[in-house]
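Here the sequence shown is numbered in full-length UniProt numbering, starting from 1 and rising by one per residue.
In case anyone wonders, no lab produced these hints; they're calculated from the structure. Heads up, a few of these hints could be off.
Claimed, not checked - Pairwise CB distance ranges (calculated):
1) 98 with 623: 19 to 29 Å
2) 374 with 472: 42 to 52 Å
3) 427 with 621: 21 to 31 Å
4) 194 with 352: 19 to 29 Å
5) 468 with 581: 18 to 28 Å
6) 190 with 372: 23 to 33 Å
7) 352 with 492: 18 to 28 Å
8) 622 with 597: 13 to 23 Å
Beta carbons are placed, not taken as given, at the ideal position from N, Cα and C, and that holds for glycine.
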Amino acid sequence: MNRNLKKSTRRRYFVLYVFAAVFFVMIFTRLFSLQLKSGKQYRSVSDARLSLSVPVIAPRGEITDRYGRPFVTNRTGYFVVLEKVNETTQERHASILNVLKILTEKGSTAEYEDSLPISFDSPFRFQYPKEEKNKAEQEKKFKTENGFDENSTAADVMNALCEKYKIDENYSNKEKRLIAGVRFGMEKNGFSVSAPYTILEDADMETVTKIKEHADLFPSVAVHERPVREYLYPQTATHILGRVGKISSTEYDQLKNSGYGRNDYIGKQGAEKAFEQYLRGTDGVSSIERKIDGESTNFIESVDPIPGNTVILTLDLDLQLAAEQTLKKTVEETKSSASSKNGGSVVAVDVNSGEILATASYPTYDITEFSEKYNEMAEDPSKPMFNRALSGLYEPGSTFKPITTIAAIDSGVLKPDEIMETKGEYKYLDRTFKCNIFRTKGITHGTINVSEAIGVSCNYFFYEVGRRTGIEKIAETAEKFGLGSLTGVELSGEEAKGKIATPENREQNGGKWYPGDVLQAAIGQSDNLFSPLALANYTATLANGGTNYKTKLLKAVKSETDETILKSAQPQINQMAGASKEALTAVKDGMLKVTEPGGTAYSVFAGLPVSVAGKTGSAQVPGGTNGLFVGYAPAENPQIAVSVVLENGDSGTKAARVAREVLESYFEKPKTDDKKPTEEKPYTLLP
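Can you build the whole structure from these sequences, using the hints too?
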């Protein structure tokens, strides 16, 4: 029996061995098949790559002065971006927190991108930049656009975002807010493999170095190089050059069909905005091969970007610098002797084309500090961001008297050679108006004609002329010289229209027109309000004999690639003033007398080798008196017209001093000082 049991046991072991042998043979065969027959297939899968096309940002075109001297160029900037790689949600959140820790650590000047309008500290609340005037409307818009109930609190929104983005509950409230801000931005900007999300724009080298040193803490964070704007004279022509910024959601909706992306930068103000179509380049395309694990394995630039075109402005850099320097000096000197805040502007135009040669507004600001100091500047009572030259509206004072003169002569109520005996007080109905010289010195201007009245700025004379002429004819003449209308400068939306004093305009604003208002309007008071640019253009129209040109800033557009001129802006006529030669001659004679012995600005222009025809003015405003001056030169063959407005400048004499220095800069011989750009440098002068 034991023998049979042993035989049975041996048989079972044999069967087991056979089955084991068959099993191992099958396993070996399968492995052999996988290795030899399917190895290529699986190797292909493991090496699988994604072929992507990503844009290569094209640099914007340069902005230069009329002689080709650059105001704005480009430099290489470093952008900290979050790329889409093969990582889990929690790994991505860890990367976000790690990189933000570096960007927000003590001593860092970096200001990273965060568009979520919720406070960083709890209890959470909605918050918007100080420049947002209607915050309630902004909050409503945010909720509507992002699918939140109108009654949702900031805490409700944060809870919803944490759930949506799967933000770990173990994070602190501040950490949740930091992550949510970046994730919100990623979502709004269409984050994808080909569209990385920019966390920080134009990072400094210290930040870039830290990012690269700690790259292991955030595998999905990279530093990309892109062109950024460089303003060579950051405090010069700031209001005219403008700025660029990231495209807003509203702008994107309007421009997406024109090839703009969610992460593009566009002109926001000034020339950068007005000439966007010329300055914007054409992005290139790069082909990237990337493994499925997110590692970039090959980078091939397939299509080069095409830089934007060069925009050549009508401004003269030398003249612009001179205008800004003398304006600043004069305003600061005036400010030291006045209790109120002061500002001012100066504009110079070519009388035969309407080209703006210089335009300065003071106070100004440093364009490179716009974002950093926006809130501070927005609250500054001196309004450094306000473009006084284009947007400021001022009573013209006696600089308006040439209009009254032309209206009177061409309507037949005044002869150029008529002699009038002026008295200190002009009585009209139940009111008495005093001439300035009588008010201050107790004397009169005696017996004078209209040209002499302009030269000494006699209010008595123009009270009588205004009464004779009537407000309708005065207003009509002002309109023909471009006053009360836009001058046509390309900065759409940045130029104030101005207003001519008329009964209709007064009544439209709820006021009442009185008979004596025509006398005030005749000397540039009442409701007359014009921009310094409009005053300069009106003066140019006087100087050239009655052609009112559209003002312009664009001289030409030049191709960046082959230097060809793509566009050359030609003078455009707004209208013909239609003033008679007789009237214009009387006015020009009078304006020349202003700068001759006995004239109101003789002391200012004495010794200047170029003859100047001008008109001083002063206008009483709440808290003080504005000083104004308009003029052109040379008087016998005009080339340039200038207007100056000094807020609380006391008199037109101070304004005339600014004009003199601008004219000196225009007519002086080229300088050789290397510190200042001049026409002697090898720049191309365009016709």
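Is it true that the C-beta distance of residue 622 to residue 597 lies inside 13 to 23 Å, as the hint says?
35 Å, violated
Using the Cβ atoms, figure out if residue 190 sits within 23 to 33 Å of residue 372.
For residue 372 against residue 190, whose Cβ atoms are near 28 Å apart, the range 23 to 33 Å holds.
Hint check for residue 623 and residue 98 - Cβ pair distance inside 19 to 29 Å:
Since the Cβ atoms of residue 98 and residue 623 sit about 55 Å apart, the hinted range of 19 to 29 Å is violated.
If I claimed the Cβ atoms of residue 374 and residue 472 lie 42 to 52 Å apart, would that claim hold in this structure?
With a Cβ separation near 46 Å, residue 374 and residue 472 satisfy 42 to 52 Å, so the hint holds.
Are residue 427 and residue 621 spaced within 21 to 31 Å by their CB atoms?
Holds - the Cβ-Cβ distance for residue 427 and residue 621, about 26 Å, lies within 21 to 31 Å.
Range agreement (Cβ of residue 352 with Cβ of residue 194, hint 19 to 29 Å):
Since the Cβ atoms of residue 194 and residue 352 sit about 52 Å apart, the hinted range of 19 to 29 Å is violated.
Just to be sure I understand the hint, the distance between the Cβ atoms of residue 352 and residue 492 should be within 18 to 28 Å; is that true here?
25 Å, holds
Does the hinted range 18 to 28 Å hold for residue 468 and residue 581 at CB?
21 Å, holds
Consistency note: the structure conflicts with the earlier hints numbered 1, 4 and 8.
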